[in-house]
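Q: For reference, the chains in residue letters:
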Amino acid sequence: MKNRGKSDLKLAWVLLFPSVFLVLLLVAYPMISNIKISFFDLPINPRLDATFVGLKNYTDILTDVEFIKSLGITVLYMILAVAGSTALGLAVAIFFNRPFKFRKAARSLIILSYVTPSISLVFAWKYMFNNGYGVINHLGVDVFHLFDKAPLWFDNPVSSFILVVLFAIWRYFPYAFISFLAILQTVDSSLYEAAEIDGASTWEKFKNVTIPAIMPVLITIITLRSIWLFYMFTDVYLLTNKVNIIGIYLYETAFAFNDLGKAASISVILFIILSIVIIASRKRVKFNGNG
Amino acid sequence: MASSKKNKAARKIGFYTGLIALLVVSLFPFFIMLMTSFKNSKEAVATDPTFFPKDWTFQHYLDIFNPDIFPFLAYFKNSLTVALTAALLSVLIGIFGAYALSKLNFIGKTTINASFYTVYMLSGILLVVPLFKIISGLGLYDTKTALIITMIVQTLPTSIFMLKSYFDTIPDDLEEAAMIDGLNRVQIIFYIIIPLALSGIISVFVYSFMVAWNDYLFASIFLSDSVNFTLPIGLNALFSTPDYIWGRMMAASLITALPVVAMYAISEHFIKGNMTEGGVKG
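Protein sequences, first through last, are from chains A and B.
Under the working numbering, think of the first position of the first sequence as 71, with each following residue one higher.
Under the working numbering, think of the first position of the second sequence as 296, with each following residue one higher.
Simulated from the structure, these hints should not be mistaken for lab results.
Among the hints, a few may not be true.
Calculated cross-link-like contacts (lysine-lysine; reagent style DSBU-like; alpha-carbon spacing at most 30 Å) [to be verified]: (1) A:K80 to A:K106; (2) B:K428 to A:K139; (3) B:K349 to A:K196; (4) A:K139 to A:K80; (5) B:K301 to A:K171; (6) B:K303 to A:K277; (7) B:K428 to A:K126; (8) A:K275 to B:K307; (9) B:K337 to B:K349; (10) B:K301 to A:K174; (11) B:K307 to A:K171; (12) A:K219 to B:K303; (13) B:K337 to A:K196; (14) A:K171 to B:K428; (15) A:K275 to B:K303; (16) B:K300 to A:K174; (17) A:K106 to B:K428; (18) B:K404 to A:K80; (19) A:K312 to B:K428; (20) B:K439 to A:K106; (21) B:K307 to A:K174; (22) A:K275 to B:K300; (23) B:K303 to A:K171; (24) A:K174 to A:K275; (25) B:K307 to A:K277; (26) B:K372 to A:K196; (27) B:K303 to A:K174; (28) A:K126 to A:K312; (29) A:K312 to B:K349; (30) B:K439 to A:K196; (31) A:K219 to B:K337; (32) A:K171 to A:K277; (33) A:K275 to B:K301.
Bear in mind the structure is a predicted one, so any value in this text is a computation, not a measurement.
Use the sequences and the hints to build the structure in full.
A: Okay, structure coming up:
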């Protein structure tokens, strides 16, 4: 089958045509029109005219304190949530990497938060963290005395930020957990036994056996999760209106402040950032569909 | 001997304590959701919250299935239409694309692979502005079709990559034998590739369904008439209306989660190994 290259070309294009067509029409073309739109002052209303404004959108954005602030919050959110969910996922995977009763059932239950739609989870969290009748405040103040007065979770930027980070860690750690568990199960246990004979401590075993074994998965998880959290919109938007991450900033510029041109210029700036990350990560991330 | 036995027992207790703590953290919001869905409206907002309902009520479940009281069923139907159609088409289109990338040799293969990889990483939020323009331009604003097409594209690169990795494991010899028997490439896809990669195809379907079912972003910019609302946008729109009753919303949230969770449970049962495939983008 190796020498059939020429005769495959036609069939290959027939088979790939729908995919390529859709991706060109609804990803590549929009990406390019983002660049075009970004030079215009374009209101949402199609009856209103677009005005060419040159680089004004870009200079506006790059000198906007809110944009810079939002970028900072996003990076902080991304770092904390990626670190938290990856570390927790790894810890739980190591914890699970031994035979025990109910292992399969427990694994399925832990995955629940990852597979459940955001809207359902967000309602549960909003209810639990409600200032008046939320069970978290009740537990924190009356039962465990963790704080004197419960923070008004959704009413100020700091506690809202803590909340969205906790939510992301809680929701996405199972993804890291499953990936790590899969790779850990392929690690030859004789490596650990050999390390034990050499008198290695738990930490040394972790550092010298576990970490090198999981390295490819670790890099992939960190890269992909960072990208996805950097562009997070839904979870944070539905949970609170006090944390203006970049996805929300873009969305509101377009659909609340009615300025598509400015929003497009944000997309272009973010795309440039993404391209740099992808080019830098291409060689390191082994992509085989196991995101 | 006795002390090592004791040690072992202590370690076992420690392990199961840890496991239970982990499960409590993971499942607590689900527990709260479930219990609140059985509480009456007054108890749900009592300042001294209860873990279990004092008076169990099933009224909220009856209410969400009653179209005169709550539009849940309409939203559910819309979500189902969008997610099922998008997932089916994404898998079907993905199968052909993945087959070409996995089994055929042709010029441009590497480039296409690399572009799909880039698209996979691209987030929908970067495309909202031009997609909004394109969808309006095509006259598809406020239609489920707009959402279906967008969801297909959102999931297609992942579908192709996942399917390709399944197809790669099917040996070429099988195809060569089938060709000698007189099957052409398209027949091979249907008679050999699809049956052999069925578990992979199911997991790709589940992944695509889940992404479409979960989407809030595109539903919120493409849909304006509540007749077309899917669950995420529909339920969120109810959040600040008088229809908003916690018990009812919790019942709705649970039923919203049900299809995806059930699919996962079934597909996990089907699929050997694990389901690390595909991440939730968002």
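Q: Are the hints correct? Go through all of them and say.
A: Comparing the hints with the structure gives:
1. For the hint linking A:K80 to A:K106, the alpha-carbon distance of about 34 Å lies beyond 30 Å, and the restraint is violated.
2. Of the pairs offered as hints, the one joining B:K428 and A:K139 holds, with about 28 Å between alpha carbons and a cut-off of 30 Å not exceeded.
3. Taken as a hint, the B:K349 and A:K196 pair is honoured in the structure, with Cα atoms around 22 Å apart against an allowance of 30 Å.
4. A threshold of 30 Å between alpha carbons decides the hint, and for A:K139 with A:K80 the separation of about 51 Å lies outside it, so the pair is violated.
5. At roughly 20 Å between alpha-carbon atoms, B:K301 and A:K171 fall within 30 Å of each other, so this suggested pair holds.
6. Distance restraint check for B:K303 and A:K277: the Cα-Cα separation of roughly 26 Å lies within the 30 Å cut-off, and the hinted pair is therefore satisfied.
7. Between B:K428 and A:K126 the alpha-carbon distance is near 21 Å, which keeps this suggested pair within the 30 Å criterion.
8. In summary, the hint linking A:K275 to B:K307 is supported, as the alpha carbons are separated by about 22 Å, within the 30 Å threshold.
9. For the hint linking B:K337 to B:K349, the alpha-carbon distance of about 11 Å falls within 30 Å, and the restraint holds.
10. A hinted pair counts as satisfied when its Cα atoms are at most 30 Å apart, and B:K301 with A:K174 qualifies at roughly 27 Å.
11. With a CA separation close to 11 Å, the supplied pair B:K307 and A:K171 stays within the 30 Å bound.
12. Of the pairs offered as hints, the one joining A:K219 and B:K303 is violated, with about 42 Å between alpha carbons and a cut-off of 30 Å exceeded.
13. For the proposed pair B:K337 and A:K196, the alpha carbon gap of about 17 Å is at most 30 Å, so the pair holds.
14. Taken as a hint, the A:K171 and B:K428 pair is broken in the structure, with Cα atoms around 55 Å apart against an allowance of 30 Å.
15. A threshold of 30 Å between alpha carbons decides the hint, and for A:K275 with B:K303 the separation of about 21 Å falls inside it, so the pair holds.
16. A threshold of 30 Å between alpha carbons decides the hint, and for B:K300 with A:K174 the separation of about 26 Å falls inside it, so the pair holds.
17. About 12 Å separates the Cα atoms of A:K106 and B:K428, which keeps this hinted pair within 30 Å; it holds.
18. A hinted pair counts as satisfied when its Cα atoms are at most 30 Å apart, and B:K404 with A:K80 qualifies at roughly 13 Å.
19. Distance check on the hinted pair: A:K312 and B:K428 sit about 28 Å apart at the alpha-carbon level, within 30 Å; holds.
20. Between B:K439 and A:K106 the alpha-carbon distance is near 28 Å, which keeps this suggested pair within the 30 Å criterion.
21. Proximity of B:K307 to A:K174 is assessed by CA-CA distance (about 18 Å); at most 30 Å being required, the pair is judged to hold.
22. Straight-line distance between C-alpha atoms of A:K275 and B:K300 comes to about 25 Å, which keeps the hinted pair within the 30 Å bound.
23. Proposed proximity of B:K303 and A:K171 is supported: the alpha carbons are some 16 Å apart, at most 30 Å.
24. The suggested pairing of A:K174 with A:K275 holds, with an alpha-carbon distance near 26 Å, which does not exceed 30 Å.
25. The suggested pairing of B:K307 with A:K277 holds, with an alpha-carbon distance near 25 Å, which does not exceed 30 Å.
26. Between B:K372 and A:K196 the alpha-carbon distance is near 25 Å, which keeps this suggested pair within the 30 Å criterion.
27. Simply put, B:K303 and A:K174 have alpha-carbon atoms about 23 Å apart, close enough for the 30 Å limit, and the pair holds.
28. Under the criterion of a C-alpha separation no larger than 30 Å, the hint pairing A:K126 with A:K312 is consistent with the structure, at around 28 Å.
29. For the hint linking A:K312 to B:K349, the alpha-carbon distance of about 35 Å lies beyond 30 Å, and the restraint is violated.
30. Note on B:K439 and A:K196: the hinted pairing holds, with a Cα-Cα distance of about 29 Å set against a maximum of 30 Å.
31. Simply put, A:K219 and B:K337 have alpha-carbon atoms about 24 Å apart, close enough for the 30 Å limit, and the pair holds.
32. A hinted pair counts as satisfied when its Cα atoms are at most 30 Å apart, and A:K171 with A:K277 qualifies at roughly 28 Å.
33. For a cut-off of 30 Å, the pair hint linking A:K275 to B:K301 stands: about 25 Å separates their Cα positions.
Consistency with the previously given hints fails for numbers 1, 4, 12, 14, 29, ordered from lowest to highest.
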